[in-house]
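J.: Here's the letter readout for the chains.
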Amino acid sequence: GQNIDQPTEMTATEGAIVQINCTYQTSGFNGLFWYQQHAGEAPTFLSYNVLDGLEEKGRFSSFLSRSKGYSYLLLKELQMKDSASYLCAVSHYGGATNKLIFGTGTLLAVQP
Amino acid sequence: DVKVTQSSRYLVKRTGEKVFLECVQDMDHENMFWYRQDPGLGLRLIYFSYDVKMKEKGDIPEGYSVSREKKERFSLILESASTNQTSMYLCASSQGLAGGEQYFGPGTRLTVT
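So the protein sequences, as listed, match chains B and V.
Count the first sequence with the numbering used here and you get residues 1 to 112, in order.
Count the second sequence with the numbering used here and you get residues 1001 to 1113, in order.
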């Protein structure tokens, strides 16, 4: 079956760095996505990893190790507006197209 | 700018009513998805469609049906609403067989009383 684990909540300080981990077990792995979701809003795409290694995009970076079933999202120079839920999602082949299986999300609170 | 819209942000219905949730995307995407999002359970896939008139069940299809008569529109139908269907419903779309990045609509908060 499919299983995705990520911490429920994290707290960090403005200006600091935070790492949100995600571990997964899935068949037909086809990549891993990170989404950001502010309260009451739709999820928005942050990053995509399909090969092992680090993908950097401004203040955000995402890492993938397929052999370990592990990914992390790294947020640098934290800002108050980064307070949100961060969703890890694994893409797997679902028959006619790829489907996403989502973790329950990590609620990040950035404090002054 | 890519856009996925949903017919209502908030909806209140009574138990037993038939409920229609509409989703429209303007990106000419092949794939469209319906999720529900509940605290502690995350986003769960109800149904998806990879082409007009084509649909497949997701992880929690019971109590729901869908319709896709046009490429840009994907409807979720609750045949007889129940209180356990009170939830946030999110529609998404993506391009091509590879799936890829999904673009989400703003969501519909449905309350069934």
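By construction, these hints were calculated from the structure, which means they are not laboratory data.
Treat the hints with care, as some may be off.
[Claimed, not checked] Listed next, with one range per pair, are the computed distances between beta-carbon atoms:
#: 1; chain 1: V; residue 1: N1084; chain 2: B; residue 2: Q2; range: 34 to 42 Å
#: 2; chain 1: B; residue 1: G15; chain 2: V; residue 2: K1070; range: 20 to 28 Å
#: 3; chain 1: B; residue 1: G15; chain 2: V; residue 2: K1057; range: 27 to 35 Å
#: 4; chain 1: V; residue 1: K1053; chain 2: B; residue 2: K57; range: 20 to 28 Å
#: 5; chain 1: B; residue 1: K57; chain 2: V; residue 2: M1054; range: 16 to 24 Å
[Stated by the list, open to error] With a straight-line cut-off of 25 Å between C-alpha atoms, the simulated DSS-like cross-links for lysine-lysine are:
#: 6; chain 1: B; residue 1: K57; chain 2: B; residue 2: K81
#: 7; chain 1: V; residue 1: K1003; chain 2: B; residue 2: K81
#: 8; chain 1: V; residue 1: K1018; chain 2: V; residue 2: K1070
#: 9; chain 1: V; residue 1: K1053; chain 2: V; residue 2: K1070
#: 10; chain 1: V; residue 1: K1003; chain 2: B; residue 2: K57
#: 11; chain 1: V; residue 1: K1055; chain 2: V; residue 2: K1018
Here the structure is a predicted model, which means the values were calculated and not measured.
A virtual CB, placed ideally from N, CA and C, is assigned to each residue, including glycine.
J.: Next, verify each hint and record whether it holds.
T.: So, going through the hints one by one against the coordinates:
1. Range check, N1084/V to Q2/B: about 23 Å between beta-carbon atoms, so the 34 to 42 Å window is missed.
2. The beta-carbon spacing between G15/B and K1070/V, approximately 49 Å, falls outside the hinted interval of 20 to 28 Å.
3. A C-beta distance of roughly 46 Å is found between G15/B and K1057/V, which places it outside the suggested range of 27 to 35 Å.
4. Judged by the Cβ atoms, the range 20 to 28 Å given for K1053/V and K57/B is violated: they are separated by roughly 37 Å.
5. Look at K57/B against M1054/V: about 34 Å separates their beta carbons, and that is not inside 16 to 24 Å.
6. Proximity of K57/B to K81/B is assessed by CA-CA distance (about 17 Å); at most 25 Å being required, the pair is judged to hold.
7. Between K1003/V and K81/B, the direct Cα distance comes to roughly 23 Å. Compliance with the 25 Å bound is thereby established for this hinted pair.
8. Distance hint between K1018/V and K1070/V is fulfilled; the C-alpha atoms sit about 21 Å from each other, no more than 25 Å.
9. Between K1053/V and K1070/V the CA atoms are separated by roughly 8 Å; this keeps the pair inside 25 Å, and the hint holds.
10. A C-alpha spacing of about 23 Å is found between K1003/V and K57/B, which places the hinted pair at or below 25 Å, so the restraint holds.
11. The straight-line distance between the Cα atoms of K1055/V and K1018/V is roughly 20 Å, inside the 25 Å bound, and the hint therefore holds.
The structure does not agree with the numbered hints 1, 2, 3, 4, 5 stated previously, though it agrees with the rest.
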